[in-house]
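Starting from the structure of chain D, add chain F where the hints point.
Chains D and F, in that order, are what the protein sequence lines are. Here the first sequence is numbered in my numbering, starting from 1 and rising by one per residue. Here the second sequence is numbered in my numbering, starting from 425 and rising by one per residue.
Keep in mind that the hints were calculated from the coordinates and are not lab data. Every value quoted in this text rests on a predicted model; they were computed, and no experiment measured them. You may find that some hints are simply not true.
Stated by the list, open to error - Output of the computed footprint for chain F on chain D, the stretches with three or more beta carbons under 8 Å from beta carbons of chain F:
| id | segment |
| --- | --- |
| 1 | 213 to 220 |
| 2 | 247 to 256 |
| 3 | 308 to 314 |
| 4 | 317 to 323 |
| 5 | 398 to 410 |
Don't be surprised by glycine CBs; every beta carbon is placed ideally from N, CA and C.
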Amino acid sequence: MKIKDKSDKQKYSIFSIIKHSINNHMNWNKAWRNPSPKKSYDAVIVGGGGHGLATAYYLASIHGIKNIAVIEKGWIGGGNTGRNTTIIRSNYLWDESASIYEHSLKLWEGLSQELNFNVMFSQRGVLTVAHSEHELKEMSRRVHAIRLNGIDSEILTPKQIKDFVPIININQSIRYPVMGAFLQKRGGTARHDAVAWGYARAADSYGVDIIQNCELKEIIYKNNKITGIETSLGTINTPKLGVVVAGHSSVIADKVGIKLPIQSRPLQALVSEPIKPILDTVIMSNAVHMYISQSDKGELVLGAGVDKYNSYAQKGSFPIPQHMIAAAVELFPVLSRLRMLRHWGGIVDTCPDASPIISKTDIEGLYFNCGWGTGGFKATPGSGHVFADLIANDKPNLISKPFSLDRFDTGLLIDEHGAAGVAH
Amino acid sequence: MLNIKCPNCGFRDEIEFACGGEGHITRPNFNNELTNKEWSEYLFSRYNPKGYFIERWVHISGCRKWFNIVRCTITNEIFEVYPIGLYPKSNEGKLAFANNWRRNTKAEVIASGKHNDKK
Numbered sequence: 001m002k003i004k005d006k007s008d009k010q011k012y013s014i015f016s017i018i019k020h021s022i023n024n025h026m027n028w029n030k031a032w033r034n035p036s037p038k039k040s041y042d043a044v045i046v047g048g049g050g051h052g053l054a055t056a057y058y059l060a061s062i063h064g065i066k067n068i069a070v071i072e073k074g075w076i077g078g079g080n081t082g083r084n085t086t087i088i089r090s091n092y093l094w095d096e097s098a099s100i101y102e103h104s105l106k107l108w109e110g111l112s113q114e115l116n117f118n119v120m121f122s123q124r125g126v127l128t129v130a131h132s133e134h135e136l137k138e139m140s141r142r143v144h145a146i147r148l149n150g151i152d153s154e155i156l157t158p159k160q161i162k163d164f165v166p167i168i169n170i171n172q173s174i175r176y177p178v179m180g181a182f183l184q185k186r187g188g189t190a191r192h193d194a195v196a197w198g199y200a201r202a203a204d205s206y207g208v209d210i211i212q213n214c215e216l217k218e219i220i221y222k223n224n225k226i227t228g229i230e231t232s233l234g235t236i237n238t239p240k241l242g243v244v245v246a247g248h249s250s251v252i253a254d255k256v257g258i259k260l261p262i263q264s265r266p267l268q269a270l271v272s273e274p275i276k277p278i279l280d281t282v283i284m285s286n287a288v289h290m291y292i293s294q295s296d297k298g299e300l301v302l303g304a305g306v307d308k309y310n311s312y313a314q315k316g317s318f319p320i321p322q323h324m325i326a327a328a329v330e331l332f333p334v335l336s337r338l339r340m341l342r343h344w345g346g347i348v349d350t351c352p353d354a355s356p357i358i359s360k361t362d363i364e365g366l367y368f369n370c371g372w373g374t375g376g377f378k379a380t381p382g383s384g385h386v387f388a389d390l391i392a393n394d395k396p397n398l399i400s401k402p403f404s405l406d407r408f409d410t411g412l413l414i415d416e417h418g419a420a421g422v423a424h
Numbered sequence: 425m426l427n428i429k430c431p432n433c434g435f436r437d438e439i440e441f442a443c444g445g446e447g448h449i450t451r452p453n454f455n456n457e458l459t460n461k462e463w464s465e466y467l468f469s470r471y472n473p474k475g476y477f478i479e480r481w482v483h484i485s486g487c488r489k490w491f492n493i494v495r496c497t498i499t500n501e502i503f504e505v506y507p508i509g510l511y512p513k514s515n516e517g518k519l520a521f522a523n524n525w526r527r528n529t530k531a532e533v534i535a536s537g538k539h540n541d542k543k
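Just chain D, same shape as in the assembly (with noise of 0.2 Å):
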């Protein structure tokens, strides 16, 4: 093979394949290059996630900072970027959280094409039902809020929640009955890995080094000013550091005395054997604890809540699943026999308001973003975007202030359990 390890500059289209078809696609460029780390650089993330290469793609194309390399311990995407259940949406209470994740959908509206990378955004609408009475109160009162935030949202009974979603159960007799559900048409779901490779290749378009199975050891700073790193490939100076590490931010956080309030969860995923298309969209509920979505291969992916207690292990307990599983076949009665293939869990950093932290630290020069918890998928081009902004400018702009670390000690805090402690 005649890969060569250079820049993809090329574009891809139609054009392009037919182009290449000629050489019987010998000599297509690689998407991304496989740089040694150099001496130093402007800038440097830590974590080849989406969140970390949506960050370094935007510090190069709307920045102008191209001198940065993302360091990741793995491969890019393997962690809980390539883990999640892939729902986007943007249908939060709080002011603050509908301009982030709305800020999000709107870049994912224009992702493809932007960074000339297929990411599959599908819009197929994000249905979350309610179960109780009080329930469908709680939810007509959110739809509301969020719709003065100028965010799509309806609210759907049970006959058309069927209309929508043939296979869905709405017998009143079970135990927790359908009783309403609200959606988010604009919302439904993209390719976990395509994010990241997009991301990985459009950034390296622009010069930024993507160096991975390079692993973070020591951060070093001096006068309370952020100098360098001390890396598994070696030493790398670097006056800003931004941290996107997901479950590991208190490992990194604790190497320089930086008390975070989060706590590293399990969040365990499911999918089932490839089946034809029965579910077209993706379906929500927060009270039996569950979601599920059909991917393009025809498998079901389903996901629930975190596990109760703290671990890195990247497994998780039993009972999550077997409840995941239970509430989905009350719901679909027609899934009940259908096999699992795959389960996994990955290690989702948890805040105690549910929303992120987006900040600079006390120390000059670090910044984090983490916090996501259970939801950070939805949020990769914005969370990227406003990162970005954060890293360049020094200071955080009007999305990403309400986010900073000092929301803890002033109390300001954006309590999003309702719509994002749950499901996403």
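Below, chain F without anything else, positioned relative to chain D:
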């Protein structure tokens, strides 16, 4: 699934228990003069180590008593179970207790009496 030895009821499955998070957090007295940041350390900041960890659990579907557990957050191995009000005896437990940054926070230094000694 964790198999936890409740000090009162013996070995039971994890589903009978609820986890209360980090153990040995000392509540600051109201007359302590803590800054907002120091109060936030007590209220929100949590020790979240990759390794030995002390946490509180309650046997919610059994004796309903609280107790402490020393557990490794990488392997989920449980090293020690001991009642509330006591301190860990195992080496893993002693390490987890001593390595926690909370031991040096102002709230705990005042509570332990060391603060007054220094005066």
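Hints and how they fare:
1. Counting residues of the segment 213 to 220 of chain D whose beta carbon lies closer than 8 Å to any beta carbon of chain F gives 0, which falls below the threshold of three, so the coverage claim is violated.
2. Counting residues of the segment 247 to 256 of chain D whose beta carbon lies closer than 8 Å to any beta carbon of chain F gives 4, which reaches the threshold of three, so the coverage claim holds.
3. Coverage of the segment 308 to 314 of chain D by chain F holds. Counting CB-CB distances below 8 Å, 6 residues qualify, and the rule asks for three or more.
4. Chain F is given as covering the segment 317 to 323 of chain D, and this holds because 3 residues of the stretch bring a CB closer than 8 Å to a CB of that chain, at least three being needed.
5. Judged by the Cβ-Cβ criterion of 8 Å, the segment 398 to 410 of chain D is covered by chain F as claimed, because 3 of its residues qualify and three suffice.
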